[in-house]
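Colleague: Which chain is which? The protein sequence lines are A and B, in order.
Sequential numbering from 0 applies to the first sequence in numbering that gives the first Met the number 0.
Sequential numbering from 0 applies to the second sequence in numbering that gives the first Met the number 0.
None of these hints come from the bench; they were simulated from the model.
Some hints here could point you the wrong way.
To be verified - Subject to a maximum C-alpha distance of 20 Å in a straight line, what follows is the list of computed SDA-like cross-link-like pairs (lysine to any residue):
1) A:K157 <-> A:V231
2) B:K429 <-> A:A219
3) B:K360 <-> A:L332
4) B:K392 <-> A:R222
5) A:K232 <-> B:S361
6) B:K392 <-> A:N230
7) B:K360 <-> A:V231
8) A:K232 <-> B:S358
What the hints assert, rightly or not - Restraint-style ranges between C-beta atoms, simulated for each label pair:
9) A:H41 <-> B:L113: 49 to 59 Å
10) A:L101 <-> B:T104: 49 to 59 Å
11) A:V4 <-> B:R415: 21 to 31 Å
12) A:G113 <-> B:L113: 34 to 44 Å
Predicted, not measured: the structure shown is a model, and the values here were computed from it.
All residues carry an ideal CB built from backbone N, CA and C; glycine is no exception.
Read off the chains here:
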Amino acid sequence: MPAIVSSITRIVLPVLLALICGGVVLALLGKDPFAYYWYVIHRGLFSWTGFQATVVRMAPLLFLAAGLIVAFRAGLWNLGVDGQFLLAAAIVAALAPELNGLIPRPLNFILCFGIAALVGASWSLIPAYLKANYGINEIITSLMMTFLGINLANVLIKIPFNDPNTTVPQTATLPVEDRLARIADTVIHEGVILGLVMVLLVHFMMTRTAFGLQLQTVGANPRTAVHAGLNVKLLTYATFCLSAALAGMAGAVEVLGVWGNVRADWNPAYGLLVIPLVFLARFNGFGTIAFVWFFAVLMIGGESAARRLGVPTYFVLVLVSLLLLFLAIVEYLDHRWRKGRV
Amino acid sequence: MSYEDHKSTVARGANAIELLDISKSFASVLANRNITLGLRSGEIHALLGENGAGKSTLISILAGLQQPDSGSIRVGGRETRIDSPRHSLDLGIGIVFQHVVLAPTLSVIENLMLGRSWRERFERSSALNRFHELVETVNFNLDPEAPVSSLSLGQRQQVEIMRALWRGHEKVLVLDEPTSMLTPQGVVELGEVMRHLRDRGVALLFVTHKLKEAYQLCDRVTVLRQGEVAGEVEVKDRDVDSEERVVNSVVRMMFDQSAIGQLTGQRFAQAEHDNASTNQDRKTDKTNVRLRASGLVTVAEPGECPLRSVSFEMIEGEIFGVAGIDGNGQKHLAEAISGQRKLQRGELYLGAESISQMSGKSRRQRGIRYLTDDRMGEGILAEYAIATNLVLKGIGEPPFWSRGITFWKKIYAHARDLIQRHDVRTPTEKTPIGRLSGGNIQKALFARELTNDAAIVVYNKPTYGLDIQNIELARGRIKAGAERGVSTLLISTELDELLGLSDRIGVMYRGEMVGILDNKPGIEETLGRLMTGLEIKPQVTEASPQAG
Chain A
0 MPAIVSSITR IVLPVLLALI CGGVVLALLG KDPFAYYWYV IHRGLFSWTG FQATVVRMAP
60 LLFLAAGLIV AFRAGLWNLG VDGQFLLAAA IVAALAPELN GLIPRPLNFI LCFGIAALVG
120 ASWSLIPAYL KANYGINEII TSLMMTFLGI NLANVLIKIP FNDPNTTVPQ TATLPVEDRL
180 ARIADTVIHE GVILGLVMVL LVHFMMTRTA FGLQLQTVGA NPRTAVHAGL NVKLLTYATF
240 CLSAALAGMA GAVEVLGVWG NVRADWNPAY GLLVIPLVFL ARFNGFGTIA FVWFFAVLMI
300 GGESAARRLG VPTYFVLVLV SLLLLFLAIV EYLDHRWRKG RV
Chain B
0 MSYEDHKSTV ARGANAIELL DISKSFASVL ANRNITLGLR SGEIHALLGE NGAGKSTLIS
60 ILAGLQQPDS GSIRVGGRET RIDSPRHSLD LGIGIVFQHV VLAPTLSVIE NLMLGRSWRE
120 RFERSSALNR FHELVETVNF NLDPEAPVSS LSLGQRQQVE IMRALWRGHE KVLVLDEPTS
180 MLTPQGVVEL GEVMRHLRDR GVALLFVTHK LKEAYQLCDR VTVLRQGEVA GEVEVKDRDV
240 DSEERVVNSV VRMMFDQSAI GQLTGQRFAQ AEHDNASTNQ DRKTDKTNVR LRASGLVTVA
300 EPGECPLRSV SFEMIEGEIF GVAGIDGNGQ KHLAEAISGQ RKLQRGELYL GAESISQMSG
360 KSRRQRGIRY LTDDRMGEGI LAEYAIATNL VLKGIGEPPF WSRGITFWKK IYAHARDLIQ
420 RHDVRTPTEK TPIGRLSGGN IQKALFAREL TNDAAIVVYN KPTYGLDIQN IELARGRIKA
480 GAERGVSTLL ISTELDELLG LSDRIGVMYR GEMVGILDNK PGIEETLGRL MTGLEIKPQV
540 TEASPQAG
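All chains, please: the whole structure from these sequences, using the hints.
Modeller: Now the structure itself:
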């Protein structure tokens with residue numbers, strides 16, 4: 000029981016501290032922190048449209064989180080998720096309207112998700128190859144691949160995939176009725192459920208399968224993995240491909256579920272936002288879902304509050320970074336406290 | 000001397016550092032109970048005890064890593080609370096830890112320069128001066144610019160000793176199991192260094208579980224048992240009588256009355272040689288070759304000694320000892336056989352089947368096992384449960400996995416069974432293995448490797464860092480395995496161990512097997528000459544190139 004209490008405290012306390020500290024910053028900016036937070040909660044959670052928007056926003060974040068859990072658990076820093084995401088999104092956005100009407104809708108979705116996964120995975124092959132064969136730091140290579148991916152996506156959208164019928168450079172648009180189906184009378188699409196399933200599957204894979212334990216072994220101590228006879232090279236490729244495939248599918252779900260197209264220069268950079276959340280949850284699937292939800296509330300509510308109160312949208316990021324900071328501090332103090340007590 | 004007398008003597012002073020009535024417990028385990036210990040300047044003090052006797056805890060307290068629950072510490076007569084490692088250093092306490100804690104990517108000199116205040120300038124030239132000065136006092140042969148990753152474990156330990164002495168004002172030097180990685184020659188050299196420091200007035204604490212070394216190197220021996228001081232003996236004249244007397248009384252302090260029968264002092268002489276004859280009996284009726292290695296060659300990695308053509312055969316149930324000074328290719332040999340390292344050239348046969356190109360996993364399935372010497376570095380996942388570690392080499396295999404799905408209940412049950420059978424002391428099977436003592440981790444690794452279908456087991460320094468009881472236990476297991484027909488490759492730097500267990504002994508020198516001897520009384524000298532490269536047996540013709 001005390002263990003549960005302490006682990007709850009370890010999460011709730013930093014959240015509270017981050018909110019208080021963020022409030023002080025708002026007050027210093029001359030904004031009313033209570034109004035801001037109220038808008039965030041109200042718009043992100045308690046209003047029906049806001050709530051739906053929050054849930055919809057969760058879809059790509061969940062896919063990305065699933066991909067990051069795989070990579071981080073295996074000790075590989077796939078920071079290239081944004082490139083994998085955007086490239087897959089651009090290609091799916093070009094493909095889906097083309098195929099639409101030619102093949103049945105479900106088949107179109109399956110095909111698009113599959114291609115998105117392949118595109119994402121292929122964009123991770125170079126970092127995987129360099130890591131597996133030469134031990135080159137994947138943080139750097141995957142991040143560089145992100146820049147290449149983002150720019151390549153832009154080139155694709157502006158030249159070959161450009162829809163001539165619009166003035167802004169963007170891909171052709173998938174009609175609203177041909178996008179992922181809505182659930183009941185809401186604007187929430189099926190992709191959210193798919194995202195939840197993905198996170199849970201990944202969680203199951205990591206905790207209940209041989210493959211998951213192999214990945215964890217590599218992540219915890221690569222030398223032990225070699226000693227235990229694991230094929231670390233192959234596992235490195237598998238991890239990267241799986242992680243990047245999920246990132247690619249995140250791009251697909253955003254295009255097929257929400258936008259229907261991709262505009263040039265569109266880059267939500269969700270990946271970098273999700274990374275801290277996955278860490279906060281300590282790679283636990285359920286924890287990740289909770290944090291993604293919390294963050295989606297902040298994002299949606301924050302956008303709305305930003306418009307009302309004139310606080311920049313980016314303030315949400317300030318809150319998240321404060322949260323990370325306080326989490327680290329609380330963790331450190333907890334560690335000190337335990338050490339002192341034992 | 001009674002314990003009360005001992006306490007009053009300690010309290011009377013003349014000590015560089017005194018621990019008075021120190022107690023420390025972890026969760027429900029009492030690691031130290033009312034320990035009183037005085038370290039005198041100019042004296043080498045041995046702290047002797049089994050694994051789990053509380054030695055490590057005591058060192059942590061001296062290092063400022065742990066705080067005692069009760070009791071007090073006096074440094075130079077003044078009561079002090081050592082509240083951080085830095086404070087410990089400031090007080091003049093230098094500590095050489097058992098597990099080397101150097102930055103492998105930095106050079107020797109850079110490692111030595113670490114740990115100074117950020118305000119000080121990073122001056123290489125003055126550091127080099129200090130280095131040469133210190134190297135002269137301790138008589139080490141080290142290259143200050145060599146990256147630590149390229150050094151052998153023994154050399155790394157020398158760097159650790161230098162680091163502990165780096166500041167130059169050390170009044171107390173604590174050495175935690177310093178000989179576990181050293182060759183016999185290295186131990187002698189370490190002894191010289193210790194005596195030298197003693198003569199300069201340093202108080203040395205030599206923490207060990209090797210009675211013989213404690214006797215040979217130290218002036219005073221304190222025995223810890225189950226967290227308490229079991230007694231203290233002063234070593235005066237080193238003659239045969241006194242050795243017998245000291246050894247007997249220490250053994251009595253270390254173990255309960257019941258254990259004394261098996262562990263008399265004579266085991267520290269060469270009584271184990273008697274075993275050799277029984278070993279000979281064991282193998283007579285079995286002559287089929289189990290493993291044949293011919294011309295094994297591996298590629299050197301920086302700082303490692305590769306194999307430069309190693310050939311030998313092992314028959315069923317044989318214990319084939321591999322002697323050699325640490326860092327002469329033993330590790331590559333073990334890894335080449337287990338499949339962890341690729342062969343550049345050469346052939347390995349298991350019976351009639353060539354296994355040269357086979358993966359480690361397939362070799363394991365064919366009964367080849369490898370008990371690594373690098374327990375912490377590659378043997379275990381320290382933060383994972385014992386149960387997980389016990390199945391680490393068979394991930395995905397039945398009965399614990401089926402179609403890739405893990406059956407944790409079976410894994411835990413399996414772990415409970417092995418923990419009981421191998422007497423691993425742990426709270427539960429879910430305890431992170433890194434929290435166990437070295438001896439218990441090794442027991443767990445024995446449990447992992449020595450399953451029923453083991454046919455060939457490679458042991459790399461299997462008793463390194465273990466206490467007497469666990470050493471006996473490990474040796475017993477190795478022997479029992481061989482009696483069941485396991486062909487055993489026993490790599491060790493402890494000659495006593497090899498002479499006591501092996502049927503034949505091969506000697507590694509600079510990556511070559513320079514000689515293979517039948518284990519008979521009187522081979523020590525030849526072994527020693529082979530190990531140091533003074534002699535090369537005629538059957539090996541290839542000249543040994545310069546070691547890298």
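Colleague: Indicate, hint by hint, whether the structure satisfies it.
Modeller: Evaluation of the provided hints:
{"no.": "1", "hint": "A:K157 <-> A:V231", "verdict": "violated (40 Å)"}
{"no.": "2", "hint": "B:K429 <-> A:A219", "verdict": "holds (17 Å)"}
{"no.": "3", "hint": "B:K360 <-> A:L332", "verdict": "violated (43 Å)"}
{"no.": "4", "hint": "B:K392 <-> A:R222", "verdict": "holds (13 Å)"}
{"no.": "5", "hint": "A:K232 <-> B:S361", "verdict": "holds (17 Å)"}
{"no.": "6", "hint": "B:K392 <-> A:N230", "verdict": "holds (12 Å)"}
{"no.": "7", "hint": "B:K360 <-> A:V231", "verdict": "holds (13 Å)"}
{"no.": "8", "hint": "A:K232 <-> B:S358", "verdict": "holds (13 Å)"}
{"no.": "9", "hint": "A:H41 <-> B:L113: 49 to 59 Å", "verdict": "holds (54 Å)"}
{"no.": "10", "hint": "A:L101 <-> B:T104: 49 to 59 Å", "verdict": "holds (57 Å)"}
{"no.": "11", "hint": "A:V4 <-> B:R415: 21 to 31 Å", "verdict": "holds (29 Å)"}
{"no.": "12", "hint": "A:G113 <-> B:L113: 34 to 44 Å", "verdict": "violated (52 Å)"}
When the structure is compared with the earlier hints, violations turn up for hints 1, 3 and 12 and for no others.
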